[in-house]
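> Sequence:
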Amino acid sequence: MSNDSESKVVVAGSSAEDIVQRKKAVLAYLSSVAEVTTTSRPQRYPESHDGFSQSTLAYVSWIRKRDLHILTSSIYAYTGDERFSVKHPEASDEWTLKIDYVQQRDAGVYECQVNTEPKLNLAFTLRVEAAQAKILGPEDVYVKKGSTISLTCSVNVQSTPPSSVSWHHGGAVLDFNSPRGGVSLETEKTESSTTSRLLVTQARLTDSGNYTCIPSNANPASVMVHVLNGEHPAAMQHGGSCGVTPTILLATFTLVISNLLR
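So in our numbering, the last one in the sequence shown is 961, and the numbering has no gaps at all.
It is possible that part of the hints are untrue.
What the hints assert, rightly or not - List of simulated lysine to any residue pairs, SDA-like, C-alpha gap at most 25 Å:
| no. | residue 1 | residue 2 |
| --- | --- | --- |
| 1 | K764 | A790 |
| 2 | K764 | G836 |
| 3 | K818 | T778 |
| 4 | K764 | T778 |
| 5 | K843 | H768 |
| 6 | K764 | T824 |
| 7 | K843 | S915 |
| 8 | K786 | H768 |
| 9 | K888 | V922 |
| 10 | K844 | N909 |
| 11 | K844 | R782 |
| 12 | K888 | A829 |
| 13 | K786 | V922 |
If you are wondering where the hints come from, they were derived from the structure by calculation, not from laboratory data.
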């Protein structure tokens, strides 16, 4: 899949049997939103004997395979878990199973069933992974004593950006109000990412050690900072800011299955 905010995979089958045999994988991240969309073409039923035309859309039900629980049928939800819902725009042939605040236990196979004769079904495997924070640069950062340590941590989870990002030094939470002074944090939040920039001015030898960025809804990232007294290694950081990493996470995953019914 590409690293777009929305990924669509179109599957065109030559027959119902071809579609039924297909299985698609869906990836979501912990605490994000997962969406799986199937598209069914309208089915028109024969005209009734009383002269009234009977036509209807082929309705879709979503079933969780591990316990055969019917989660949704048509536009209605049949589960006490309010994280599950179905979206079906009016006059549309799209049926989307939506899972809010995805948890590890949500991983598994989900199946959509269409009320045709014979019935059609299509299975999706949902994989749930924890999002991963990233700090640009090598795992070991070298700075000169008296210069500024600049570390930038980026988390890209579009649907649910982290509510907070904390920094630890040597296993302890950084105290921005400590007598040492010169330690500050800049945080930028957008709809698709959160960027946290740690600045430590007038670097001291005691500022050396492991620095860890810990988002509220993603795995942490760490770097080792070495404050040097006069040495000049090639990997020396020369002030300035570290750029953010490219987008690595997808928050919403939508699969559109076309030509499910022909």
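> Does each hint fit the structure? Answer for all of them.
Hints and how they fare:
| no. | hint | in the structure |
| --- | --- | --- |
| 1 | K764 x A790 | 29 Å, violated |
| 2 | K764 x G836 | 43 Å, violated |
| 3 | K818 x T778 | 23 Å, holds |
| 4 | K764 x T778 | 14 Å, holds |
| 5 | K843 x H768 | 61 Å, violated |
| 6 | K764 x T824 | 10 Å, holds |
| 7 | K843 x S915 | 32 Å, violated |
| 8 | K786 x H768 | 18 Å, holds |
| 9 | K888 x V922 | 22 Å, holds |
| 10 | K844 x N909 | 16 Å, holds |
| 11 | K844 x R782 | 51 Å, violated |
| 12 | K888 x A829 | 20 Å, holds |
| 13 | K786 x V922 | 43 Å, violated |
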